[in-house]
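Number of protein chains: 2
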Amino acid sequence: MDQEKREKNLSLLPIGSIVMQNEEGYCLLQIDQPFRKGLQGLENFSHVIVFWWADRMDNKDHRSIMTAELPYAEGVDVGVFACRAEYRPNPIEITTVPILAVNHEKGEVIIPWIDAFDGTPLIDMKPYIPICDRIRDVAAAPWVADWPMWMEEAAAYFSENETDFGN
Amino acid sequence: MDQEKREKNLSLLPIGSIVMQNEEGYCLLQIDQPFRKGLQGLENFSHVIVFWWADRMDNKDHRSIMTAELPYAEGVDVGVFACRAEYRPNPIEITTVPILAVNHEKGEVIIPWIDAFDGTPLIDMKPYIPICDRIRDVAAAPWVADWPMWMEEAAAYFSENETDFGN
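Taken in order, these protein sequences are the chains called A and B.
Residue numbers are given in the numbering used here: position 134 of the first sequence equals residue 121, and the series is strictly consecutive.
Residue numbers are given in the numbering used here: position 60 of the second sequence equals residue 47, and the series is strictly consecutive.
Among these hints, one or two may not hold up.
Identical chains blur together in the list; that is why a pair holds if it fits in one copy or across any two.
[Unchecked claim] With a straight-line Cα cutoff of 16 Å, these simulated EDC-like cross-link-like pairs (lysine to aspartate or glutamate) come out:
1) K47 x E92
2) K24 x E56
3) K24 x D64
Everything labelled a hint here was simulated from the structure, so no lab data went into it.
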């Protein structure tokens, strides 16, 4: 494919938005009506990969930054493709979270937490499938090598270490 | 955020494209010049999550399909958010692959394989970070429950079982 064809703008349509707390203290992925049938069967998976649009970083300045200073690693300056910074050429973030319940009629996926803001636009969801997403032999960069090897241990670790897990 | 604000089009800019085979038989993530500085430090990670745009499915028909018949599970009809089908409201796919090498000057990330096509537009890359992406206690739907629990076992499994891992 030539450069010109790639340079055409690709457009995304939000499928819903994130509600940070409902009355029971959970977060919701609130799916707009036209997309609710797409939830069929999602309740059979324990985890979902949530794709959200970092709309607070969606401006020309933030999208043209190519390196990040990491809040959790003093003096380390890495490229945006080597960290999870929200400012990046395409401000798409993914967060893998447990599925607590799916309400098909209301178009809601109930989750315990997510690192987004209230009202953040949702753009996709995919089931977490071990054969695609679960890597056995993995090595992370020195500046995150002390972090636990499992998502389940994240909350306890960051709580104990008071790490600023910003990017 | 109200519905109207969410309905605005969000636009993506391709950052490069996928080259399926170079002369040594590897695949390349070929990054366009303006984005190459974003690769800084990526070589410190063993795996990268590649975000690609399923441009062959990017049309009105494919983007409005909400359920999929799974090629690997006869008779199972699930929502697009409960599978990895390339047709979906926003045809973004992710593939986690090992990083073999990063050539910063040429803007290339060399990988052993990827389930995309030659010329597929790249839209993002993120390092695979265990504390974000590696789920210990995971359950997948009955129709994929027989699949191995690790990405490393995928090739051998599908080769032995002749499964059509289409979606």
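Quick rundown of the hints versus the structure:
no.	hint	verdict
1	K47 x E92	neither (38 Å within a copy, 25 Å between copies)
2	K24 x E56	between (41 Å within a copy, 14 Å between copies)
3	K24 x D64	between (43 Å within a copy, 11 Å between copies)
The earlier numbered hint that this structure contradicts is number 1, and it is the only one.
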